[in-house]
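Engineer: Starting from the structure of chain L, add chain C where the hints point.
Those protein sequences? They're chains L and C, same order as listed. In this text, residue positions in the first sequence follow the working numbering: the first is 11, and each later residue adds one. In this text, residue positions in the second sequence follow the working numbering: the first is 7, and each later residue adds one.
Derived by calculation from the structure, the hints in this document are not laboratory data. Hints may be right or wrong, so weigh each one.
[To be verified] Restricting the straight-line Cα-Cα distance to at most 25 Å, the calculated cross-link-like pairs of lysine-lysine (BS3-like) are: (1) K108(C) with K119(C); (2) K104(C) with K65(C); (3) K108(C) with K118(C); (4) K178(L) with K17(C); (5) K178(L) with K103(C); (6) K65(C) with K118(C); (7) K44(L) with K88(L); (8) K9(C) with K178(L); (9) K65(C) with K178(L); (10) K119(C) with K104(C); (11) K103(C) with K118(C); (12) K108(C) with K178(L); (13) K65(C) with K24(C); (14) K119(C) with K103(C); (15) K9(C) with K24(C); (16) K104(C) with K178(L); (17) K119(C) with K178(L).
[As the list claims (entries may be wrong)] Which bits of chain C does chain L cover? Going by a derived footprint, with three or more residues having C-beta under 8 Å, they are: (18) 16 to 22; (19) 38 to 52; (20) 65 to 73; (21) 97 to 103.
In this text, a Cβ means the ideal position worked out from N, Cα and C, and glycines have one as well.
For reference, the chains in residue letters:
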Amino acid sequence: MHATLCDIVTDIVQNSIEAGASQVTLEISTNPEKIEICIGDNGKGMDKATLERAFEPFYSEAGKHDHRRVGLGLPLLKQTAEATGGAVDIQSEPGKGTIVRFHVSAHHWDTPPLGNLTMTVLGLMSFRSGYNLTVTRRTPQDSYQVSRSELIEALGNLEEAGTLILAKEFLESQENELDRSRE
Amino acid sequence: MAKLTLDALRKLREEQQKTMVMRDPSNKDTQVIVGMGTCGIAAGAKDVFNTILEVLEAKNVTHVRVTQTGCMGLCHSEPTVEVIVPGMPVVIYGNVKKDIAKQIVQEHVIEKKLLDNHICDKPAMDIIRK
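Pulled out of the complex, with its shape left as it was, chain L reads as follows (with noise of 0.2 Å):
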């Protein structure tokens, strides 16, 4: 069972990844009402029939992955949010990609904690594949973005542990000054 938001997160940038996007957005604005996010790509999107079933637990597209099939994260998602005063939508189209957003309420108490968002977009932009992913961060206060290209052009790579824990770094910093903000 996923215990925070970026768990959930994870899972669904994960999905675009594999739909063969090569650019990926992250939105993630919180306020004392609400937590919103939105992930959005140009991957190969989904046909009316594979939409209808996205929210159908264990359901994968066929041949995404031979004899390993775990089909959870949306319908988790989708538990997630209306058990918590929110709601998902899925807006998709084949060949030219997949838009997910969600809220939940941020003051219901089953709603699960946000969870090591800076940790959460370094493994993100880790994967090892030729895609980019840009992570806009919103307060009421203040707000950052960030990309994997910007990244990997200022430090070569983020491949090698040194640049791994240099962007650890950055990020945080920019997740400091977020909460710095807030005061």
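Structural biologist: Frame of chain L, contents of chain C only:
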């Protein structure tokens, strides 16, 4: 920590590279791959990824490549970590918790010794890239 800019990040990287030139680059082709599918995440793979990075940093072993991948087909043994060290068999460790992750870095990556009791498998046949 003050908010870092990309320019500051570039400078930190340049300083790091100057230091790395003086170190033994023998880990350059070593890869550590952490499984981060739904199953891995639920089993605690993120903690494993964090721990591996922390230990590598503490040991000043910065050439090693650390990446993530999706489900490797070993959901029953998550978290899983694949380790590729030139000259050694490619192995997947299963049921990796933080203490095992530390051992993987110290014993397999640095000391070049397999952790026989924690080896799970080779990569699943359907995901071996041809």
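Engineer: Now, for every hint given, state plainly whether the structure supports it.
Structural biologist: Hint-by-hint comparison with the structure:
Simply put, K108(C) and K119(C) have alpha-carbon atoms about 13 Å apart, close enough for the 25 Å limit, and the pair holds. For the proposed pair K104(C) and K65(C), the alpha carbon gap of about 16 Å is at most 25 Å, so the pair holds. For the given pair, K108(C) sits about 14 Å from K118(C) by alpha-carbon distance, which is consistent with the 25 Å threshold. A distance of roughly 15 Å separates the Cα atoms of K178(L) and K17(C); the hinted pair therefore holds under the 25 Å criterion.
For the hint pairing K178(L) with K103(C), the CA-to-CA distance comes to about 21 Å; that is within 25 Å, so the pair holds. For the suggested pair K65(C) and K118(C), the alpha carbons sit about 15 Å apart, so the restraint of at most 25 Å is met. Distance check on the hinted pair: K44(L) and K88(L) sit about 16 Å apart at the alpha-carbon level, within 25 Å; holds. For the proposed pair K9(C) and K178(L), the alpha carbon gap of about 12 Å is at most 25 Å, so the pair holds.
The suggested pairing of K65(C) with K178(L) holds, with an alpha-carbon distance near 17 Å, which does not exceed 25 Å. Restraint check for K119(C) and K104(C): the C-alpha separation of about 18 Å stays at or below 25 Å, so the hint holds. Straight-line distance between C-alpha atoms of K103(C) and K118(C) comes to about 20 Å, which keeps the hinted pair within the 25 Å bound. Restraint check for K108(C) and K178(L): satisfied, since their Cα atoms lie roughly 19 Å apart, inside the 25 Å limit.
With a C-alpha separation of about 17 Å, the suggested pairing of K65(C) with K24(C) holds against the 25 Å cut-off. The hinted pair formed by K119(C) and K103(C) meets the criterion: a straight-line CA distance of about 18 Å does not exceed 25 Å. Taking the CA atoms of K9(C) and K24(C), the gap is about 24 Å. The hint holds against a cut of 25 Å. For the hint linking K104(C) to K178(L), the alpha-carbon distance of about 19 Å falls within 25 Å, and the restraint holds.
The hinted pair formed by K119(C) and K178(L) fails the criterion: a straight-line CA distance of about 29 Å is larger than 25 Å. Against chain L, the segment 16 to 22 of chain C contributes 4 residues with a C-beta closer than 8 Å to a partner C-beta. That satisfies the three-residue criterion, and the hint holds. With 8 residues having a beta carbon nearer than 8 Å to a beta carbon of chain L, the segment 38 to 52 of chain C meets the requirement of three or more and the stated coverage holds. Coverage of the segment 65 to 73 of chain C by chain L holds. Counting CB-CB distances below 8 Å, 7 residues qualify, and the rule asks for three or more.
Residues of the segment 97 to 103 of chain C with a Cβ under 8 Å from some Cβ of chain L number 0, which does not satisfy the need for three, so the listed coverage is violated.
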